[in-house]
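Build out the structure end to end from the sequences listed, making use of the hints.
Just so you know, we're using the numbering used here here: the sequence shown kicks off at 1 and counts up by one.
Keep in mind the hints are simulated off the structure, nothing from the lab.
Using N, Cα and C, we set each Cβ at its ideal position, and we do this for glycine too.
Be aware that one or more of the hints could be misleading.
As the list claims (entries may be wrong) - If you anchor each label on the Cβ, the simulated ranges turn out as follows:
#1 G229 with T252: 20 to 26 Å
#2 A42 with P235: 20 to 26 Å
#3 R197 with Y249: 54 to 60 Å
#4 G44 with L136: 34 to 40 Å
#5 V118 with F147: 33 to 39 Å
#6 G44 with V118: 47 to 53 Å
#7 F114 with L135: 30 to 36 Å
#8 L145 with F41: 25 to 31 Å
#9 I52 with G229: 15 to 21 Å
#10 I52 with G106: 38 to 44 Å
#11 W27 with F147: 34 to 40 Å
#12 T252 with L136: 33 to 39 Å
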Amino acid sequence: MSLVDYAAAARKRVPRLPGIPWQPGLWLAWAVIVLAAFAAFAPGLLTHYSPIEGIAGAQRLAPQAGHWLGTDQLGRDVYTRIIYGASHSLSAALAAVTMGLVVGTGLGVIAGAFAGRVESLLMRFVDVLLSIPSLLLSLTVIILLGFGTVNAAIAVGVASIASFARLARGEVVRIRHTDYVEAAFGSGGTFLAVLWRHILPNSLTAVLAFATLQFGQAILALSTLSFLGYGTPPPVPEWGLLIAEGRNYLSTAWWLTTFPGIVVIAVALATNRISQQFSGGRV
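Following this line, the structure appears as structure tokens:
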């Protein structure tokens with residue numbers, strides 16, 4: 001779905017809490033997100049094992065009572081590492097989306113509001129960013145900055161700036177040509193006043209809905225960087241790193257990659273489903 005179609009869908013229907021029908025998929029998605037957020041903020045309430053220290057003699061145990069998701073090659077409880085990994089994966093994804101939202105929306109609003117040479121210059125910069133594959137751009141940024149959770153979040157955030165900028169610019173241009181904005185200018189409203197009171201509030205609906213979708217994409221991108229060895233370094237229990245550490249044991253310990261992979265997919269799908277609700281059911 002293109003950004004133009006996404007913006008149109010988001011404008012058609014904004015969810016209202018009082019009239020939400022019973023949708024099992026939507027409620028399940030919210031349940032997944034709430035559980036992941038709870039694990040990120042209070043992991044100690046969900047497990048009593050250490051995510052870093054292994055248990056002697058408990059290497060690569062299959063899922064069983066006491067170790068629901070098994071143990072890894074160092075005797076560390078996989079369930080515990082997934083729980084503690086939520087804080088690293090979700091916080092990094094939130095930072096990446098926030099960066100893309102703030103910087104990208106700022107560029108898009110400036111381009112759409114001022115038009116002319118300013119718009120041309122900024123949008124050519126955005127076009128350059130869009131011409132580079134997001135994974136390649138993220139790898140380039142993280143190689144320049146160095147490895148680590150923060151740098152990985154910055155890299156993913158930089159890769160998402162162009163999408164936010166293009167969507168925000170399109171929304172601002174559309175709102176600028178509506179009758180009520182023209183009436184606001186005609187009644188003596190200044191440019192900044194009309195921009196703040198009329199254009200921005202009506203332009204950000206689609207952008208915020210798109211940010212929800214980008215959150216799931218950020219989790220996948222961060223997991224990809226960690227899997228390739230460019231993200232969070234061990235022994236930090238980041239979800240992508242858990243998958244990477246278990247890939248050498250697929251034939252003997254399938255649970256090391258299967259369960260972290262299911263968690264990543266579940267959270268990404270949950271955010272996509274929630275984004276569909278905000279965009280009117282079309283993504």
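Quick rundown of the hints versus the structure:
{"no.": "1", "hint": "G229 with T252: 20 to 26 Å", "result": "22 Å, holds"}
{"no.": "2", "hint": "A42 with P235: 20 to 26 Å", "result": "21 Å, holds"}
{"no.": "3", "hint": "R197 with Y249: 54 to 60 Å", "result": "59 Å, holds"}
{"no.": "4", "hint": "G44 with L136: 34 to 40 Å", "result": "39 Å, holds"}
{"no.": "5", "hint": "V118 with F147: 33 to 39 Å", "result": "36 Å, holds"}
{"no.": "6", "hint": "G44 with V118: 47 to 53 Å", "result": "51 Å, holds"}
{"no.": "7", "hint": "F114 with L135: 30 to 36 Å", "result": "32 Å, holds"}
{"no.": "8", "hint": "L145 with F41: 25 to 31 Å", "result": "27 Å, holds"}
{"no.": "9", "hint": "I52 with G229: 15 to 21 Å", "result": "19 Å, holds"}
{"no.": "10", "hint": "I52 with G106: 38 to 44 Å", "result": "39 Å, holds"}
{"no.": "11", "hint": "W27 with F147: 34 to 40 Å", "result": "38 Å, holds"}
{"no.": "12", "hint": "T252 with L136: 33 to 39 Å", "result": "34 Å, holds"}
Comparing the model with each numbered hint stated earlier shows that all of them hold.
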